[in-house]
Amino acid sequence: MTTTAPQPVSPTTSPTAAGSRIRPVIPAKLDFAGVLGAEWRKLFSLRSTWWTLGLTVVLMTLMALGQAAGVTDSLDTPEGAATFVGLHGAELVTGGYQFGMLTIAVLGALLITGEYSTGMIRSTFAAVPTRLPVLAAKGIVLAAVTVVITAIAFVTSYAATAPILTDHDLVPSLTDPTTWQIAGGVTAFLVAAAMFALGIGTLLRSTAGSVTVVITTLLLLPGILQFITVDWVQDAMEYLPLPAATAFVTVSDAFGGAGDLTAWQGAAIVAAWAIVPIIAAAIMLGRRDA
Amino acid sequence: MIEATNLTKRYGDKTAVDSISFTIRPGTVTGFLGPNGAGKSTTMRMILGLDQPTSGTVTVNGKPYAEHATPLREVGALLEAKAVHPGRSAKAHLGTMAATHHIRAKRVDEVIELTGLAAVANKRVGGFSLGMGQRLGIASALLADPDTLILDEPVNGLDPDGVQWVRTLVRDLAAEGRTVFLSSHLMSEMAQTADQLLVIGKGRIITTGPVQEVIDSVLASTVRVRSPHATDLASLLEAAGATVTSPEPGTLDVRGLTGETIGDTAYTHHLALHELATQQASLEAAYMALTQDAVEYRSETTTPEPIPAGAPR
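So the protein sequences, as listed, match chains A and B.
Per the numbering used here, the first sequence starts with residue 1, numbered consecutively.
Per the numbering used here, the second sequence starts with residue 1, numbered consecutively.
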């Protein structure tokens with residue numbers, strides 16, 4: 001306790017006492033719209049965001065173009081035509097989604113690990129001490145950006161592949177529901193991958209650790225496990241995000257669309273991969289020291 | 001107003017803050033002193049709700065920080081410089097902070113101007129010097145014009161102009177009725193800036209009170225006496241209960257008696273005085289004496305004996 005001493009202003013226990021001072025009031029009000037706006041500004045005031053988003057569009061387009069060229073080439077042979085029976089043009093237009101999955105997931109992880117590694121998180125939580133709105137705002141901003149950037153990548157991929165696909169009458173029709181099922185499925189999957197990464201990033205806090213876990217789960221495990229031809233490993237592998245996603249982002253056998261899972265089962269599994277880490281992150285966020 | 005009650009923070013079996021209670025009042029600058037690892041930063045983080053107390057409570061203006069509707073209006077904080085993403089410009093950083101509270105862009109420009117960052121406002125923070133980082137931290141602390149300021153080492157890395165600017169700023173903020181709570185290792189600076197002190201060591205409060213009272217409670221002031229009759233005077237003063245040392249012939253350092261008593265004694269015995277000067281102990285010396293046992297990381301010195309408390313400077 002401080003002992004009595006001459007004080008410039010008589011001390012008082014009333015919290016409103018300072019409000020009577022004569023100085024202009026700076027208008028300030030904390031609400032969720034403000035937090036959302038702050039997270040939007042945070043994301044787009046970093047150069048790395050622009051790089052990552054630009055890279056996403058470029059890689060998805062180039063991959064779609066390469067795949068479209070390769071597949072349409074092999075369609076000219078009888079064996080190729082047999083392999084790609086049931087092929088839908090939209091599968092080729094969205095063919096770059098695995099690259100998008102990687103760059104978007106890295107962006108999602110960095111969105112929060114970048115704050116922990118730099119100390120920015122303390123400024124963030126000082127402004128929003130209830131914390132949970134920060135995670136919610138990050139999730140909303142990330143989902144919105146993912147939807148928009150995926151849509152842009154589809155447009156560029158559509159334009160880039162159209163000349164090749166025209167020859168084989170594979171340009172996806174915009175009136176065909178299957179086109180929209182595939183495009184919507186890929187978009188939803190990328191949003192889920194972003195949420196998974198954001199959740200893991202919030203839980204692990206470290207950029208290196210989070211990116212490793214995210215890339216391993218999304219890409220490396222499905223790639224490696226397919227060579228382990230033990231039944232239970234193959235069964236388990238279907239429950240990883242990428243194999244589960246093929247149940248609703250593809251329709252032809254060649255792209256893995258004829259797995260054991262129905263489209264809705266696949267969607268449920270992918271949603272679980274997104275939601276469970278986010279819920280765990282939300283629970284831990286309030287409990288741990290920043 | 002910041003009130004802590006039995007505030008405790010343990011990390012595993014290490015107790016960083018050990019059941020401390022204190023009140024930081026509005027209208028004053030309260031200096032927070034303590035050796036490295038004493039628990040200062042942990043205490044400040046707990047005030048802001050960044051760290052959860054293991055037990056005990058701390059409130060700002062009557063409520064836990066997180067329960068305030070407009071947190072940045074309640075407390076502006078500078079916690080270790082560069083709690084900032086290095087890839088963002090100073091202006092963008094302040095802009096994101098301002099956005100959470102719908103604070104206008106005009107106010108962002110104002111604090112940039114006020115903290116002298118106008119020339120570098122659009123540069124990325126990664127390239128900032130420590131001093132510029134501190135100014136940015138102070139700018140974000142002032143952003144919503146808070147009633148309480150918590151500043152952890154605000155002058156660290158600032159040039160002499162900057163140090164003086166922070167001193168004036170902090171005094172002005174307190175004069176406007178705000179609560180200012182700041183830590184610093186610069187004792188001379190603290191002595192000039194703070195009204196009240198809160199000294200902690202090993203997570204416990206060592207002492208608290210107005211600056212001069214704290215100094216006086218630890219170190220008695222010394223009276224420097226010069227006299228042609230120094231030897232005679234020394235025995236008289238020792239008889240009166242003083243501790244007398246003689247740094248050089250004809251000069252005495254007297255502790256335990258006031259200048260008035262010494263002067264009167266000399267007058268009564270017809271001993272001439274050439275100098276009679278009361279010397280206040282410095283905050284630094286008082287701090288050293290206070291925290292001697294509480295220093296966590298002490299470097300060995302080549303001096304075999306520690307300087308005794310109250311040794312002449």
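These aren't lab readings, by the way, just hints derived from the structure by calculation.
Any given hint might turn out to be false.
[To be verified] Below are the DSSO-like pairs computed for lysine-lysine, each with C-alpha atoms no more than 30 Å apart in a straight line:
no.	chain 1	residue 1	chain 2	residue 2
1	A	Lys29	B	Lys123
2	A	Lys29	B	Lys82
3	B	Lys82	B	Lys106
[Unchecked claim] For the chain A half of the interface with chain B, some residues (derived, Cβ under 10 Å), not all of them:
no.	residue
4	Asp31
5	Lys42
6	Ala162
7	Pro163
Predicted model, so just to flag it, every value in this text is computed and none were measured.
Quick reminder that beta carbons are idealized off the backbone N, C-alpha and C, glycines included.
Structure-based check of each hint:
no.	hint	in the structure
1	A:Lys29 x B:Lys123	holds (28 Å)
2	A:Lys29 x B:Lys82	holds (25 Å)
3	B:Lys82 x B:Lys106	holds (23 Å)
4	Asp31	holds (7 Å)
5	Lys42	holds (5 Å)
6	Ala162	violated (38 Å)
7	Pro163	violated (39 Å)
In summary, the structure is inconsistent with hints 6, 7 from the numbered list given earlier, while agreeing with the others.
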